[in-house]
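S.K.: With the hints as your guide, set chains B and C onto chain A.
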Amino acid sequence: MTPDLSAKLDIERAIEALLFAAAAPLSAADLARRLPEGADVGKALAALKARYADRGVTLEVVADKWQFRTAPDLSHLMVEEREEPRRLSKAALETLAIIAYHQPVTRAEIETIRGVGLSRGTLDVLHEMNLIRLRGRRRSPGRPVTYGTTEHFLEVFSLPSLHDLPGAADMRAAGLLDLNVPADFVIPEPGGAREAEDPIGLEEMEQVEFAQDFFESADGDRD
Amino acid sequence: MTPDLSAKLDIERAIEALLFAAAAPLSAADLARRLPEGADVGKALAALKARYADRGVTLEVVADKWQFRTAPDLSHLMVEEREEPRRLSKAALETLAIIAYHQPVTRAEIETIRGVGLSRGTLDVLHEMNLIRLRGRRRSPGRPVTYGTTEHFLEVFSLPSLHDLPGAADMRAAGLLDLNVPADFVIPEPGGAREAEDPIGLEEMEQVEFAQDFFESADGDRD
Amino acid sequence: MNTRGGALPGLENEVFQHRLDFTADAAPVPEIEADDALLLDLDGYEGPLHVLLELARQQKVDLLKISITRLAEQYLVFIQQARRLRFSLAADYLVMASWLAYLKSRLLLPVPERKKSDEPEPEELAAALAFRLKKLEAIRKSVEAITSRPQLKRDVFARGDPQATVILPSSRLDVSLFDLMGAYVTQRQREIARHYDPTMRVEAFPLEDARDHLRDVLPQLSDWTPLDEIAPQPVGEGGPRRASYVASTLSAGLELTKEGLMQVQQLGTFDTLYLRRRPPLMEGR
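Protein chains in written order, with numbering that gives the first Met the number 0: chain A, 0 to 222; chain B, 0 to 222; chain C, 0 to 284.
Same shape as in the complex, but just chain A (with noise of 0.2 Å):
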């Protein structure tokens, strides 16, 4: 064996320890950080992955780190391992959805797509359960917070990043992702009680793109 591939191997291997003792799932860059310097992290990855493809046990990518997890078709076995989730409300389970494809979007946007109030609770449920975070401030009147979905969102569901979002690219190509209602559009809106909210006119709709995650204007926009 060369010198060259048996280097290679031993990375390999080591990643392979690495991951497999790990508690969360690993970076690329937490495991440069414990491997030799110059070894090459994403060559290994990409072959074990490969290695492990047809696997019990195989590799993969959720939220841009790397975890061993069981095949998911071998799921019918695992039955002593299995914890029987918590059951989340079909308005919770909309909400969520809602979240994750749209944000950052407020309060007051997944109401208006769902076409009902939100009833009190839903978003507690689904902040205690880590599957969602307060992301911001949309830069529009009376700045309302926005929501965004977490880290732990993508490890539940297997993803490994927010691109992934099953049907996140046809829902945007035709248009069912705009956040912006037409200017006359007057179905009644949920809620009643609510103080009508102003329709979001175009040139506002590039800042709303733009609603910035708290982190992200901590350097810039400081007022």
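It is possible that some hints are incorrect.
Computed spacing ranges between beta-carbons, pair by pair [what the hints assert, rightly or not]: (1) G141(A) / L84(C): 52 to 60 Å; (2) A242(C) / R171(B): 30 to 38 Å; (3) T111(B) / V263(C): 35 to 43 Å; (4) R138(A) / A242(C): 50 to 58 Å; (5) T111(B) / L84(C): 53 to 61 Å; (6) L84(C) / D123(A): 44 to 52 Å; (7) P35(B) / D123(A): 41 to 49 Å; (8) A27(B) / D177(A): 56 to 64 Å; (9) G141(B) / Q150(C): 42 to 50 Å.
Computed list of lysine-lysine pairs in DSSO-like fashion (alpha-carbon distance at most 27 Å, straight line) [claimed, not checked]: (10) K152(C) / K64(B); (11) K89(A) / K257(C); (12) K140(C) / K59(C); (13) K89(B) / K48(A).
Hints listed in this document are in silico derivations from the structure and should not be mistaken for laboratory results.
Note that CB positions come from ideal geometry on N, CA and C, so glycine has one too.
M.R.: Frame of chain A; chains B and C shown alone:
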């Protein structure tokens, strides 16, 4: 692939997944119980042991039970140093919240809102974590010291500025406010104009800390 | 044009029902059985838009091409049935019904020569509604797509027993802005509850005073007089409240009745109470 070979591989995959996900070592009998009847568990375990022999993870038997373990020669990598994020106690979080929203605020004012005395440690902990600071002295009888939050506080909560703390409307929108909260419920605008106070000088700072310690120990833990 | 406020009061009277009946007679809707199935599951629907989406799906065409007039009819039948079965419907459902009835009528009416400038074209509204349903449907489908993904600890499993790790103290704080808001609100609400002050101590109109008052006015009570007129009116702020005057006067009245000085009568439950002086015994007894 002959049906026989495929069945054999399936058993291997299943055992791989079961051993991986199990919290403790499993015996051959444990495995057989969870596999289709007639599965040759022994043979599959032997094949798996060979397959993993020179990998970063190996299949080991301990006391007649099987378990995946990281390869012994990689043990030097396995010290996973995880930074455990600190948690704030309920009292500390509540005190911090009041200081954040009501700053500059005196100790007596904090106690009035909380309805309980502040225990000695609470402010210390928040100081030590660099979340709060002494802001000044209220120009009122006794010239009490006032508290406020630090830059670090803003970083921890990813807030661009104090003005970005969620307000009453956001709390209502997040479903946090009870319905029985009076309509005139107001949250002070943090960082807004406040009662006159004098800044605290550097050298006075030390005296204040001292005076405070003295004061606190005098009436002890009251929480 | 006020679709929201204008139609709502009508819902409470017969006018709206007539309109529904008319709609149902004029254009019988074939999917009535399907609507029944829908009705039974009303609890599962969160709002009128969800019901509309369910109905629209029965047309089995792209949502952008649905017939809004037909959808409006179906929805109105649905509302009518729900009301007949005494489902309590949230106002949202009724508002939507009136809006759809309005939209349908505008879609069916011939286009006026000169259109009022402030009214959007009904076709635009219909298209906007269809698009909105499409949006909701997309979210519904994405719920299915997300929840059918391999879910951690349900379908796929990470390592059951991770290696022991060395835990280092960290300066990172495990706290979210939501936690901070929650902590703040809890305390403020506690504070509000603490300071709850049910106005002031309730002053009562003393029974002795009520008795004295009744004895004073007794000579004038030869006819049946409503209790309300006999009970003294509150004087100024801070004294007993009106309810206390009435209650004490009634108590005193019952006492005097027992003593044989008065009579009390009431024609029905919650009716006005009448009091009068007991008539002098003319013929004896």
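S.K.: Need the list of violated hint numbers for this structure, in ascending order.
M.R.: Result: hints 1, 3, 6, 9, 11 and 13 break, sorted rising.
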